[in-house]
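Undergrad: All chains should be modelled from the sequences, with the hints used to inform the complete structure.
Chain by chain, the residues run as shown.
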Amino acid sequence: MAHPTVSRRDFLKVSSTAGAGLMIGVFLPAKKRLVEAGLVSGQPFEPNAFLAINPDNTVTVTVMKSEMGQQVRTSLPMIIADELDADWSQVKIAQADAHPDKYGSQGTGGSGSIRRSFQKLRKAGAAAREMLIEAGANEWNVDKSDCTVSNGKVVHSSTGRQFTFGELTKKAANLPVPEDPPLKNPKDFKFIGKSMPGLDTPSRVDGSAQFGMDVQLPDMLYATVIRCPTFGGRVKSFDAHEAKKINDVTDIFAIEGGIAVVGTNTWAVVKGQRTADIKWDHGKFAKWDSSRIRNMMQKKGLGNAVVAREEGNVAKAQKDADNVLEAVYEVPFTSHATMEPMNCVAHVNNGKCEIWVPTQAPQRVQTTAAEALGIPEEKVTVHVTMLGGGFGRRLFADYVIDAVEISKKTGKPVLMLWTREEDMAHDFYRPTSIHKLSSAMTKKNRATSWSHRIIAPSISAQRSPETFSKGELDRSAVNGASNVPYEIPNIHVDYVMTNTQVPVGWWRSVYNSQNAFANEGFIDEMAHAAGTDPYKFRLKLLKNSPRYLGVLKLAAEKAGWGKKLEKGRGRGIAVHKAFGSWAAQVAEVTVNRDGNFSVDRIVSAIDCGLAVHPDGVRMQMESAIVFGLTSTLKGEITIKDGAVVQSNFHEFELLRIDEMPKVETYIVESNEAPGGAGEPGVPPVAPAMTNAIFDATGIRIRKLPIRPEDLRV
Amino acid sequence: MATYTLTVNGNKHRVNVEDDMPLLWVLRDEIGLTGTKFGCGRGLCGTCTIHLDGEPTRSCMTPVEYADGSEITTIEGLSNDVSHPLQQAWIDEEVPQCGYCQSGQIMTAAALLKRIPDPSDDDIDVAMKMNLCRCGTYQRIRKAIHKAAKGI
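Protein chains in written order, with my numbering: chain A, 174 to 886; chain B, 52 to 203.
A portion of the hints provided could be inaccurate.
What the hints assert, rightly or not - List of simulated lysine-lysine pairs, BS3-like, C-alpha gap at most 25 Å:
#1 Lys726/A with Lys581/A
#2 Lys198/B with Lys367/A
#3 Lys63/B with Lys835/A
#4 Lys835/A with Lys180/B
#5 Lys417/A with Lys581/A
Claimed, not checked - Not close to chain A: a few residues of chain B, all C-beta gaps over 12 Å, as computed:
#6 Thr58
#7 Gly61
#8 His64
#9 Gly86
#10 Gly105
#11 Ser121
#12 Gly128
#13 Ser154
#14 Leu164
#15 Pro168
#16 Asp169
Stated by the list, open to error - For the chain A half of the interface with chain B, some residues (derived, Cβ under 8 Å), not all of them:
#17 Ala382
#18 Phe384
#19 Glu513
#20 Leu560
#21 Glu795
#22 His823
#23 Arg829
Worth flagging that the hints you see were computed from the coordinates, not collected in a lab.
Cβ atoms here follow ideal geometry from the backbone N, Cα and C, with glycine treated the same way.
TA: In structure tokens, the structure reads:
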């Protein structure tokens, strides 16, 4: 999405409230004025930040992004504290409530928390630093050029006199805010580029971190919801009689999403859920299952497609070719399966609503609740708790509607919790997809064409069908495919939309996970068809793409690419760029004759520009690899009778510690602008794995998840 | 419905609840100790692990009637000041990401170290493989357990 250029219009705003000292934020111009000026459409802005320097010498950084394990509550404060020259021990964090425009977009996704706020947070810190220097200079009646800041103190260089930030904050608050404060030379960074200890880590090892379902309010009721298992189905009738007999169940009633069971503890409502006698109108989708969906996709895939990229003439290249290589890749639906199931605490009272929720989209929660209740947005307060995993699932606010409806009906604060079974049956799944690829090759083993057809449901079209009513291209669905980086003269990439009733959503790395599997599996096939080492084959086709080359070479070198492996073992490589970062991985596997195999090691290289919090980047690479491996080896969601088959972790398995390969992460040294870290590590995992299996066995896997029976020799 | 007596982290609690209420919900909804988490409700993920008379136990599957008179330790009772060697090792190695499963991971690991003070990688696999982590912190969990073992 293009953002308006507003850098010259950015301004810093300062306010002084009694006793609070200096509070400073980087504000973009008020949304309304920009909209009136025709500069923006009213879409959310880039993020910005807010910081307060308190008279007790603490610095409060308000984090506007949601913490779901990616360490934003450490890395965002690091950026501000660095430019401010604060002492790390001064830094306190506060979590921002939802606000329509105070912080810009609070949506936490697209691996964007750092890369979309880096400069603005630096500016916020730098402006406060300049004001503190000026306040100190004024107090001493000296020139501010003779004053410096370090470790939370303003120092008069010639005399060594000093003030703490806390001592200066009230004075500084009355000064004009510098419009364009000087930023540090990156070589002077003190926190940026260092791995600071996680500010939240202690609270995550003693049970004190507060997740959504840990919120407890006086007089609070507990609730759970039963939805129609079939997508598109509805409640026909229900008999609450038996469920109401359960002790501590106080009510059971229909809501928009299904049936709500309410009680005075969680166990009562879980029992009520199991007892409730509900008749469903399953609707038309009840006739669908996974194979019917696949047949429909294959059939539609033969028809019309929308072009996403066209260069040269693929048809001619294929006609002139000595050999045309073709392959079909397939990826199933899969679930987010956050460890903390969907939940939300809501208190609807007197025309107002207060919400506590683990969400990646606080502002969407606010507007969704306001709409569901028919009250103005400003009457809805949204507190963001810690998130027990997000991965894209918590960008949706469907479960919030359940909570506010139940609270409205009961008039009490309510903790609405989905059971694991509801969570798994009512996710927004990573879209299933089919990929048809072909490449024209010459006798000299040169690739002269590349074509890729993506056949998949569209997340965007499911959310806003009117935008795609004329078959417009869903750009997101071809992300990672239309921008295939290989230098091949004739390229054709197109897309066929195949929507069903199965809800689809943003799943860590979105369509990049499917598209990279297809791209990087197929380029490997091309290399082998050409009789060339797949690593060297890539290097040749990427010779003008230095950042791709950088990660490929780093991963290959650290993995010992080219060194011989014993029989039964194999090595595979893959590279992909997404969310502003380049990632390459080398997987090493051992395959037994019975088809069972182990993943021995994954060597991972990432170029995310300047790594603000290097250990945070390593954590995200380790996490992305486990996430990617889970969906490569297990984690398939299938459909039967219009509903999800898998109900809990015995059917939807996650990778376990005894299956964990050794993961090594190497970060490319860089001073380029920061890129994303949360998602870029996911896409290369699946193709690196299937390429390694090919290396070990000669068996080419084109369909996920990999099954041992596919590998039996 | 009956009254049960439980000693949780050294404190005696009397709760009047349904006989089949799992300890997880007794701890969370009745006693207000929310450090023990709900993940699956079927003993499949390990997120709700506590110690029941010293044994690592899935609290989501353990009805309160089986625990009457028992001693229970939850994550809140592992130490008063984050000083348990596992908690320290978890901090040093920056193990937690979202942190949601970590109470269960640490309680399972604490039971392991009581049994096997210096576990091998295989010992760790056997003890920990029923504890799921969607953030994928396994490599650091392994390292932190080894580190804590050296400190005990």
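Undergrad: It remains to establish, for every hint, whether it holds in the given structure.
TA: Status of each hint after checking the structure:
Distance hint between Lys726/A and Lys581/A is unfulfilled; the C-alpha atoms sit about 58 Å from each other, more than 25 Å. Taken as a hint, the Lys198/B and Lys367/A pair is honoured in the structure, with Cα atoms around 23 Å apart against an allowance of 25 Å. With a C-alpha separation of about 44 Å, the suggested pairing of Lys63/B with Lys835/A is violated against the 25 Å cut-off. With a CA separation close to 16 Å, the supplied pair Lys835/A and Lys180/B stays within the 25 Å bound.
Annotation: proposed proximity of Lys417/A to Lys581/A holds, straight-line Cα distance about 20 Å (limit 25 Å). At roughly 18 Å from the closest C-beta of chain A, the C-beta of Thr58/B stays outside 12 Å, upholding its exclusion from the interface. Distance check on Gly61/B: its Cβ is at least 15 Å (rounded) from any Cβ of chain A, clearing the 12 Å threshold; non-interface status holds. Under the 12 Å C-beta cut-off, the non-interface status given to His64/B relative to chain A holds; the minimum distance is some 15 Å.
Non-interface status of Gly86/B relative to chain A is broken: a Cβ of that chain comes within 12 Å, the nearest being about 2 Å off. Listed as outside the interface, Gly105/B is consistent with that label: its C-beta sits roughly 19 Å from the nearest C-beta of chain A, beyond the 12 Å cut-off. Distance to chain A confirms Ser121/B as a non-interface residue, since its nearest Cβ pair spans about 18 Å, more than 12 Å. A beta-carbon of chain A comes within 12 Å of the beta-carbon of Gly128/B; the shortest separation is about 9 Å.
Separation of Ser154/B from chain A is inadequate, the least Cβ-Cβ distance of about 5 Å not exceeding the 12 Å criterion. With a minimum CB-CB distance of about 15 Å to chain A, Leu164/B clears the 12 Å threshold, and the non-interface call stands. At roughly 19 Å, the least C-beta separation between Pro168/B and chain A is larger than 12 Å, which holds for a residue marked as non-interface. No beta-carbon of chain A is positioned within 12 Å of the beta-carbon of Asp169/B; the least distance is around 18 Å.
Look at Ala382/A: its Cβ gets to within about 5 Å of chain B, closer than 8 Å, so that hint holds up. The closest approach between the C-beta of Phe384/A and any C-beta of chain B is roughly 6 Å, which is under the 8 Å cut-off, so the hint is satisfied. Hint on Glu513/A holds. Least Cβ distance to chain B is approximately 5 Å, under the 8 Å limit. Contact between Leu560/A and chain B, as hinted, is supported at the beta carbon level, the nearest pair being about 6 Å apart and thus within 8 Å.
At its closest, the beta carbon of Glu795/A sits 6 Å from a beta carbon of chain B; the interface hint therefore holds under the 8 Å criterion. For His823/A, the interface hint holds, since its Cβ comes within 8 Å of a Cβ in chain B; the closest pair sits about 6 Å apart. Interface hint status for Arg829/A: upheld, as the beta-carbon distance to the closest one in chain B is roughly 5 Å, under 8 Å.
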